[in-house]
Amino acid sequence: MRQGFRQSMAWLHTWSGLVVGWVLFAVFVTGTATYYRTDISRWMQPELRREATMSPEALAASADLAVAHLQAHAGGARTWFVTLPTPDRPLVELFWRNRPGTPPGHVLLDPRTGAPAALRATRGGDFFYRFHFELNLPPLWGRWIVGICAMVMLVALVSGIVTHRRIFADFFTLRRDKAAQRGWLDAHNVSGVLALPFHLMITYTGMVTLALMYMPWGVTAAYRGDQSAYFAETGQITRDRPATGEPGTLAPVGPMVARALATLPGPLERLTIVNPRDANSTIVAVFEEPHGLSHEHPQVAFAGTSGAIVEVLSGALRPAAKTFTTLVGLHEAHFAGAALRVLFFLCGLMGSAMVGSGLVLWTVARLPKAGAATGFGWRIVHTLNLGTIAGLPAGIALYFLANRLLPLDLAGRADWEVRAFFGAWILVAVAGAWPAPRRAWRLALAAVAGLFVAVVVADAATACGLWDDPAWFLGFDAALLGLAAGFALISHKVARFAAPRRARRAVPEPAPRMEAA
Amino acid sequence: MTASTSTLVVGAGLGFLGLAALCLSLGRHHQALWPTPPDRRRVLGLRVAGWTLIALSLAAAIRLEGWNFGPVDWIGSLTGAGLLLIVVQSYRPRALLWLVPLAAAVTAAAALGALA
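Each protein sequence line maps, in turn, to chains X and C. Reading the first sequence from the start, the letters are residues 38 to 554 in this note's numbering. Reading the second sequence from the start, the letters are residues 12 to 127 in this note's numbering.
If you're looking for bench data, these hints aren't it; they were derived computationally from the structure. By construction, the Cβ of each residue, glycine as well, lies at the ideal position given by its N, Cα and C atoms. Take these hints with a grain of salt, some might be off.
What the hints assert, rightly or not - Derived DEER-like restraints, expressed as beta-carbon distance ranges:
| id | chain 1 | residue 1 | chain 2 | residue 2 | range |
| --- | --- | --- | --- | --- | --- |
| 1 | C | A70 | X | H371 | 25 to 33 Å |
| 2 | X | E88 | C | R58 | 52 to 60 Å |
| 3 | C | R53 | X | W178 | 54 to 62 Å |
Modelling step: build the complete structure from the supplied sequences, incorporating the hints.
Here is the structure:
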């Protein structure tokens, strides 16, 4: 090793962080938004009317209605997925794949009428959820890219801890009165160290959720690559029942739903119907996770033609499988109630801030001397930084704005919302190449703040007549205004601080700071 | 207030007090409130108090939520408390003078409520 261990680690931290930083920022921001996935979906479909309760009879009737619709429209599909209505989301959601290469079928039904629900088309919070690990790319590509970035993120985290000499002495330190570089370094350190348990946990468990894709060799060797056999043997899903090739008729599903509800406690979440037209068809009733850290869905499997129960899965995982489901459960945090969820969200924001401030720090630490021209590499990093850190939030704001402003009957409306998201992102990224870096930052962040305010205005102007629970919608809008205020504040700070010149002298160690009250 | 929320309040309150004590045991932050750096005895006292309070917050989380959720709640509440503390002592360090008693009062009330 040419230099000391710590210097090597500092080098590793700087460059590993830089290469994956832009992707990680997007992963952190969309992952943080995913903590409120169902709330985002609810906000994006203000026409939805919630119900006080959902009776077992209503669930059974919804299941019958779903199967009737699928028999009529998805006869050729190998698997049908039916999400059953809940009081918060009284809709029947159907999903099926006809054959590889064709777009999957998807429809939302109103359980009272059986007709497609009269809601605006949107991908809602699910868009952020999928983007978080697939980046809107073909799933395999996206998952590999995110996974590799997460692995590098672990390298950056550990080398960052080694590099941070004064990790305890500087634990509480956020110096605002010093050079810009010092301030960014403090912000990077504080957001990194304070939520370090979260950062390590979320990065590691994130990779665990897709570990079998990244490291399939164990399953390849022991199960000849049959992942569903592995999941079934570890008790995470019910056993596969292969198709016989003989035609069969599905027995009525309603009574099966009633029996599933009588067999296991807890809300029933969805049905998976495999090989619906085969003599060996299977219906799996999947329940919501019971309250616990572990991510495991109790399930009851029925033989589709007779309606007899063939398997019941509930708890009873062995230690290895339990470890896996607990790590996944920690990542998803479905167990978190409102208060703990806020803390998870704050930790996610700190993760985004850590990545963002690290990226900015790279450019601030390499600012050319006053009057000197910036190098090509510096400009590239600066442009990508601005394009990501301001561009992504601008995209999110425009995604929400499009949800309120696009005509309700527009063909492909949900896709247009996604195009608005990427359009805004690309626009900000291109504008980020503006020759004056500080002004570009200030304007871009101010624009993001303005866009979030515009979302709230558009919501109040176009949708307030639809709100079923005004207090809830106002709360969501208040959170958006909070984000807008945050971006406005940072824009203001940038205007004051990030002057494109190096601190001229070494920063003296802290003088006693006496502040008047 | 649900059980889990009061756990978070107790955990965050104790964590806030503990982290504040540790923070004030450092010269830089001590001098944001008082004219001189802390002497040795004071440093020692603040550190013992700080770590004791943080240990107490862990004990409280486990007592109230058990070994499954306790540690998760504890780390979450400690992170939240740390964030509040850092923001306060960077921007309004003197606010600690009234925030500390306030946090102690809120914690005591929430703890009584949770145990009652």
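Self-check item: Non-conforming hints, listed in increasing numerical order
Solution: The structure breaks none of the hints.
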